[in-house]
Amino acid sequence: MKHSMKVNLQVWRQKNTQAQGNFENYSVETNPDMSFLEMFDVLNEQLIHDGKEPVAFDHDCREGICGMCSMVINGNPHGPKQAITTCQLHMRSFNDGDTIVVEPWRANAFPVIKDLSVNRSSFDRIIASGGFVSVNTGNAVDANNILIPKDIADEAFEAATCIGCGACVSACINASAMLFVGAKVTQLSLLPQGQSERQSRVVAMVNQMDAEGFGACTNTGACSAECPKGIPLSVISTLNREYTKAKLNGI
Amino acid sequence: MGVLSFLFSSSIGRKLVMAVTGVSLIAFLVVHCAINACVFFMDGGATFNAAAEFMAHNLFIRLAEVGLIGGLLIHIVQGLSLTLNNMKKRNNKYGSSPKRTNSTWYSRSMGLLGTILLLFLVMHLKDFWIVSRFDAQGGLTESKTLYHFMLEVFTNPVPVTLYVLGCISLAYHLLHGFQSAFQTFGLNHPILTPMIKTLGAAFSIIVPLVFASIPVVIHLGLIK
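Protein chains in written order, with my numbering: chain A, 17 to 267; chain B, 668 to 891.
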């Protein structure tokens, strides 16, 4: 097995939010066992060695659970493989001599901070707009005091696996955030905790989503297809239902 | 307005309007398609003309027609406004063209397909609806029925081609729109959704096929 490979990169470089960005070409000696982010570490070592500015990119846990990594690789958020994040993508998914185009999430609601790093605070503001969940204080209650059927728990958990990376927005032709908001609303509306805020929460979150400048959903399904956690399109359906019910109740 | 103002202001409310008006238009297509299919009775247009006559003069139908036009206008205006708005949500476009396996081309092109359909509709209404509802061009007479009128229009290959292209746009518009409407209504079910998708696909193929076959069959002289 050949243990080194060379790839040509076209990387989006942008000094700051206001600056006009452009693609720069680099060539990196890597090996098939490296993760895509490790290959970027090598590139940055190389750039620092040459006295150039390293490429800014988001990353944290590097095990697919934090939702920080956010590269659009050859046009696909998190790269060509399904249901993984960029940090879980390995160079063995590419061939020696490949040219790989790497750019940031592109959406007006996700302004570029620098290079491949984008500001996803709009997601935080949507979450914050959802508000609190009422719980009883005092002594800790018995673990099985609130019964949740297994199928409901599973469905809520499936929605809760959303890591809020924003790949859905980046993949959507309308830059819509409905898969993300749908996942959060579905998770919270299924569980018995927080039922008191169920209707006001969905309305507040959708209002915030619209105010942040995300587009409207046209059900293309690109979000779900590109989601590293495979969040199903049905969460958007749940979101539509929850929101419409709340609005018809005059919330 | 009050409670219902969200239908024209929020992203979800606006797509709900698209879905409700879209489903009404689908219901209209069933009636329209059934009446058009009357030409296949091969009775020189007698059944077709009787059906067209009924549609033109029944009070209930005429009232429903007002609702239909209202729904259609809302669908067009809201659809165009949503499409134009959505196009403004990503000012910096992607440099690399993504491998478009994540969604179908027609689901991403509803605005374009809708615009083609709108242009088609202008031509189609001018060709037939104006003639059958208002006494333009001398109006319809005993000797020159809507059926005769149709035979005349489709002797020319240009309208035949345009009508077939219009029907193809309709097929793709429906292929996404039919099932998408139910998703918007909040209906996503492990058993029902696959059924809706199959039904939607069948509808999207059969109805435009029946529509498109008529100008072609007339042009080829298979019905007279």
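Careful, some of the hints might be misleading.
Unchecked claim - Below, in silico cross-link-like pairs of lysine-lysine (BS3-like), each with a Cα-Cα straight-line distance of 27 Å or less:
#, chain 1, residue 1, chain 2, residue 2
1, A, Lys-261, B, Lys-793
2, B, Lys-793, B, Lys-811
3, A, Lys-97, A, Lys-130
4, A, Lys-130, B, Lys-760
5, B, Lys-760, A, Lys-31
6, B, Lys-755, A, Lys-130
Unchecked claim - The following label-pair restraints were derived from C-beta to C-beta distances:
#, chain 1, residue 1, chain 2, residue 2, range
7, B, Leu-730, A, Gly-229, 29 to 35 Å
8, A, Thr-115, B, Phe-695, 14 to 20 Å
9, B, Leu-747, A, Thr-115, 49 to 55 Å
10, A, Lys-97, B, Lys-760, 21 to 27 Å
11, A, Arg-141, B, Leu-747, 48 to 54 Å
Hints listed in this document are in silico derivations from the structure and should not be mistaken for laboratory results.
All of these numbers come straight from a predicted model, not from anything done at the bench.
The beta carbon of each residue, even a glycine, is placed where N, CA and C say it ideally should be.
Task: Violated constraints from the hint list, given by number and in increasing order - done: Checked against the structure, the hints that fail are numbers 1, 7, 8, 9, 11, while the rest are satisfied.
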